[in-house]
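Enquirer: One-letter residues, chain by chain:
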Amino acid sequence: MRTTSPDLRVDLCRVRLPNPLVLASGILGTSAQLLERVARCGAGAVTTKSCGPVPRTGHPNPTVIDWGHGLINAVGLPNPGVEAEVEIIAVARELLAPLGVPLIASIFADTVAGFAAVAERISAARPDLIEINISCPNVAAELGRPFALDAVSAAQVTAAVRAATELPIIVKLSPNVTDIVAIARAVEGAGADAIAAINTLGPGMVIDVESGRPILANRVGGVSGPAIRPIAVRCVYDICTAVNVPVVGIGGVSCGRDAVEMLMAGATAVGVGSAVYRGGPEVFGRIRDELAEWMSAHGYTSLSDFRGIAHER
Amino acid sequence: MSGDLPSAARIISIAEENTRVKTFVLDAETQAQPGQFAMVWLPGVDEKPFSLVDDHPLTFTIARVGLFTRQVHALHVGDRLWWRGPFGRGFEIRETDGVHLLIGGGYGAAPLVFLARRLRAAGQRVVAIIGAKTKTELLLETRFAAMGCTVIVATEDGSAGVRGLATDVAWNVAQQETVAAVYACGPEGMLSAVELLCTGRHLPGQVSREGYMRCGLGVCGSCHYGPWLVCRDGPVFATNSE
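One line per chain: the protein sequences are Z and S, in this order.
Mapping the first sequence onto the working numbering, position 100 (from 1) lands on 100, and the numbers just tick up by one.
Mapping the second sequence onto the working numbering, position 57 (from 1) lands on 370, and the numbers just tick up by one.
Honestly, the hints are just simulated from the structure, not real lab data.
Listed below are several chain S residues computed to face chain Z (Cβ distance under 8 Å; list not exhaustive):
no.: 1; residue: Lys-361
no.: 2; residue: Cys-528
no.: 3; residue: His-537
Model, not experiment: these values are computed from the prediction.
All residues carry an ideal CB built from backbone N, CA and C; glycine is no exception.
With the rest of the complex left out, here is chain Z (with noise of 0.2 Å):
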């Protein structure tokens, strides 16, 4: 009996993906022959690390461990600033274009007005999407607290990059929070195309116990891979019962059946970063084929087939 292969396709505010995968921010997307490699490997969409107004060195190492059941990371948030980004995507978009991938450029800032700065100064190298970083745990020291930890701070900034581009933006939510869906709500409120969610957790900390110390140069750091997808899951789950706009599932997934997870929660696509490290950037193509092999294997033709069901029953 012959079967058609599922249709793997998504339209995420209005930007067609080839499937699903999204790299998530903050991995390998620092060039644009490793945005491009990733493509290849098999991501429907790759997003560039986050940059801010001006060129960072990030934190000392170590930045990243292997904690045993995910990453704990403080990088740091490098970067060579939003005037040398704009050259990275203005070549990545061309790398990317022939294969049909999309680019989402991810920005941070350490105010309102940066942001808005840095999203109209990255607009003009028309990357596909702009994805709003405002919840990165491992910079407060230097740039404050995160303004994903806050609706209101939140809102601001949502409204302060919807004025300043055209563009779709998403806005990358954080999962340290008393209520991720009132922080959901405000930013669909104040313009957001789309919700990525969750960075990553925490901070937490893990302590080096011969010395000591904590590991993390910056001693605390988010916390990532596998440990926290159900966490992600709920989180996803609630915001997709409380918002319209599309939702970006982020958080633990490393193969087919944690892609088809995401989506039952109502995740229109899926972030993949920390699986990476194990799978390498072949990852993207693994867990593409598992997600489609599951779809065959359930008789689902698309994934509007079976997105969003964990909320049927």
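Assemble the complex: chain Z is given as a structure, and chain S must be docked to it using the hints.
Expert: Just chain S, lined up with the frame of chain Z:
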């Protein structure tokens, strides 16, 4: 399960290789390929990648170039260093007829000591060309000789061995000997010359590159080299892979 957290290891011996370089032997062991690296951590100071010079016992050769390596050089036998790894892709050894040609420039000699030891243990013939700017910067050349490698020293100023570049010596060796494979580690300019040699003489070559590493785990993208990650796809790359 505690993942791949740094492990503490005591220093059991320290050898001064030259005025800027020391070799640290630790009371730890691992299983590694020559060319792989580990992240070496001093709590409260920094963490940096270093090629393994041996895996049994774990050995690093460290040049004093900055704050971190200055602090490592201040350590004594009995003090502790922390490490995690091994990481990355090392040298692939193919046992064949002909000589294995090793080309080390400056600090690049360090991982080649490990490689030479494995090759000699497998009964392979090894020619090691050890290059430096000047005599006082030569590194580890006596270790290669002690393992039974044919060693050719080259200095740019002629203060020791042949005057000239290690890669010029390599062209001569490749004319006189049947070379099975070329392995190199050193500055980027030297590696480009090695690639030319391998292309010109149709020799299989592998070069170990440096990258600006942060995570060492293939996720942060800091050490990107074209579409590759030095920490995960390298640091050893085949010369025909670019």
